[in-house]
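*Asks:* So you can see what is in the structure, the chains are spelled out below.
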Amino acid sequence: MKRPVVWLAGALAVLAAIPFVFGPLHTNLMVRLAIEALFAVSLNLLLSYTGLLSFGHALYFGVGAYGAALILTHLQGIPILVAVLLSALAAALVGLVLSPLLVRVRATAFTMLTLAFGQLMFVLCSKFREVTGGEDGIMGWTTPPLALPGLFSLDLRQPVNIYFFAVGLACLGILAMWFFTKTPMGSVMISIRDNQKRVDYLGYQVVLTKAVIFCFSGFFAGLAGAVYAVFNNLVSVGGVLHIMVSFQPLMAILVGGIGTFFGPILGSGLLLLLEEVTQAYPELALMISGVIFILVVMFLPGGAISFGARLRAWWRKRAYLRKARESEA
Amino acid sequence: MSPETQMYLAQGIHGLAYGMLLFLVASGLTLIFGMMGILNIAHGAFFMLSAYLCVTVLGATGSYWLSLLIAPLGVALLGILVERFMLRRAQASGMGHIAELLLTLGVSLVLAEAVKLTWGTEGLQVNVPSALAGLVNIAGLEYPIYRLFIIVLSLVVLALLSLVLFKTRLGTIVRAAVSDPGMVSALGVNTQIVFMLVFGLGSWMAGVAGVAAAPILTVFPGLGDQIGMDAFVVVVVGGFGSLFGALLAALFLGELNAFGIQFIPKLSPVLMFSFMALVLAFKPTGLFGERE
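In order, the protein sequences belong to chains A and B. Take the first sequence: its position 76, counting from 1, is numbered 75 in numbering that gives the first Met the number 0, and each next residue is one higher. Take the second sequence: its position 258, counting from 1, is numbered 257 in numbering that gives the first Met the number 0, and each next residue is one higher.
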């Protein structure tokens, strides 16, 4: 078997074993990790692969979360997977609607425009309380079981079941994005990051490719939001549309390693651990975020994942020096 | 004068005062961007910090005028330190503009929290200096003098900035560096020092605006969020690096804000962002900008 397949099978086996090894109570942390990692990887498609910094990715996360909450509240009896997929599609649709504007701007203007759209949705959702419940948000809907009629039915309020639901969807989403980066279109995406003008002159569809990327990235951010809604049974503007929700995955990408595919997953895990450790001091959360941004940009631009490469380089250098010394002697 | 005309006039002057304040903040931002290509996300936090410094200086000396002098200088010094020791390092990280945006974002978060830890989360009040307290009669409308003072102060700072930019050697260098930093550096100018000074100058302007705004707003940790966001919109709409564009955009958005609050209070924050999206849809470089 090929090496990536072995790695993948191993990782999936470990993930499947976690609830039985650590007990069902610790799975909540893993569910949060799954949501955060899926969200961060979707943003990473823009940041690391297309070279666009978004300050408004909470927009898609929020649309997915509100979509799931509204569907589950108002459409009784809809299968949970359909509800979640519809919410993610709604987020993709938002990406499609905004893409005519988003494809026109680059660099800092793109960052500002995404910031504006994110804030716009935040304001709209806070003001139209008839639909969204305003600042109180939406809560208390009954989550239908994950079921295939006549085959099985899993109650998603059980920690183990929501664990497999969230981690399963996150793995599928992350794998789909991994394969996307390997397709010809994925290569065009990376070329756009490196030199958009040249890609354009070579005859590739820059505008169309970017629109597809926005939809694709929006879809998976929306999926993460929908899973968040199902997991928490509560959606509020502060929780899913606030600007800090946009900064969280950015931080995960930075900490894990910008420019890599798996860095954001590692970063999400590290940030979640940090959050657990500093849980007793909630008033310091923003300060810690700020310090992380500063320190990583200044001292570790490659993120935590670059530690491996650095360690290997250091080891090689040591071995080389030792060999050189021995041959001298 | 009929009450309706009075309302229009009052909102009009309100909009003008906010527009000028906004221009004061945005011109510093756009100056830095035009020269260094850096959008300083922490600009709003500098504004907020200056208002807090004003509270402290006012408490220690009792003189508003002294705080108008000292607080912006403190912020300018902080700006210079951030540029020299942080941004310069970030620029060497090879992440391009992404590194700068994320670094200044970090600075703004740290400043907001540091302010909370130092001054507490409660809103603080700054009194209008006694020389500028009271109302003035404009064609039958009673209007607070202090807001007119803000307009005058902004004009004075703007005049000073124009003098420096268009009449001094430093200004010539800055204007040249806005259009081509590499060439200016090649001509033997130490652009590093100029960058540092410009960053300090831009921060100083945010500081002046912060002290000017302190008496009419409550000083609280989120003070800079709204005006910072508005200033980003002004810089984008006016065109990155264009002072004239920033002036027009700031005045327009000031009026849009004032009348938006009057007529459609529920949607007034939406107006600003919608206008920005509209401008970018037709001119991605902003109204008077040449660069993205």
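Calculated directly from the structure, the hints in this document are not laboratory data. Some hints here could point you the wrong way.
Label-pair distances were calculated between CB atoms; the ranges are [as the list claims (entries may be wrong)]:
hint : chain 1 : residue 1 : chain 2 : residue 2 : range
1    : A       : 274       : B       : 58        : 35 to 43 angstroms
2    : A       : 274       : B       : 221       : 16 to 24 angstroms
3    : B       : 65        : A       : 133       : 43 to 51 angstroms
4    : A       : 326       : B       : 87        : 37 to 45 angstroms
5    : A       : 323       : B       : 93        : 24 to 32 angstroms
6    : B       : 129       : A       : 133       : 50 to 58 angstroms
7    : A       : 280       : B       : 80        : 20 to 28 angstroms
8    : A       : 181       : B       : 266       : 54 to 62 angstroms
9    : A       : 72        : B       : 130       : 55 to 63 angstroms
The beta-carbon is built from N, C-alpha and C at its ideal position, and this holds for glycine as well.
*Asks:* Work down the list of hints and note, for each, if the structure agrees.
*Replies:* Verification of the supplied hints:
1. Between residue 274 of chain A and residue 58 of chain B the CB atoms are about 37 angstroms apart, so this pair conforms to the stated range of 35 to 43 angstroms.
2. With their beta carbons about 23 angstroms apart, residue 274 of chain A and residue 221 of chain B fall inside the hinted range of 16 to 24 angstroms.
3. Between residue 65 of chain B and residue 133 of chain A the beta carbons are some 44 angstroms apart, a value that agrees with the proposed interval 43 to 51 angstroms.
4. With their beta carbons about 42 angstroms apart, residue 326 of chain A and residue 87 of chain B fall inside the hinted range of 37 to 45 angstroms.
5. Range check, residue 323 of chain A to residue 93 of chain B: Cβ separation about 30 angstroms, and the 24 to 32 angstroms hint holds.
6. Remark: the range hint 50 to 58 angstroms for residue 129 of chain B to residue 133 of chain A is contradicted by a beta-carbon distance near 42 angstroms.
7. Checked against the hint of 20 to 28 angstroms, the C-beta distance between residue 280 of chain A and residue 80 of chain B comes to roughly 27 angstroms, which is consistent with it.
8. In this structure the supplied range 54 to 62 angstroms is violated for residue 181 of chain A paired with residue 266 of chain B, their Cβ-Cβ distance being about 44 angstroms.
9. Range check, residue 72 of chain A to residue 130 of chain B: about 59 angstroms between beta-carbon atoms, so the 55 to 63 angstroms window is met.
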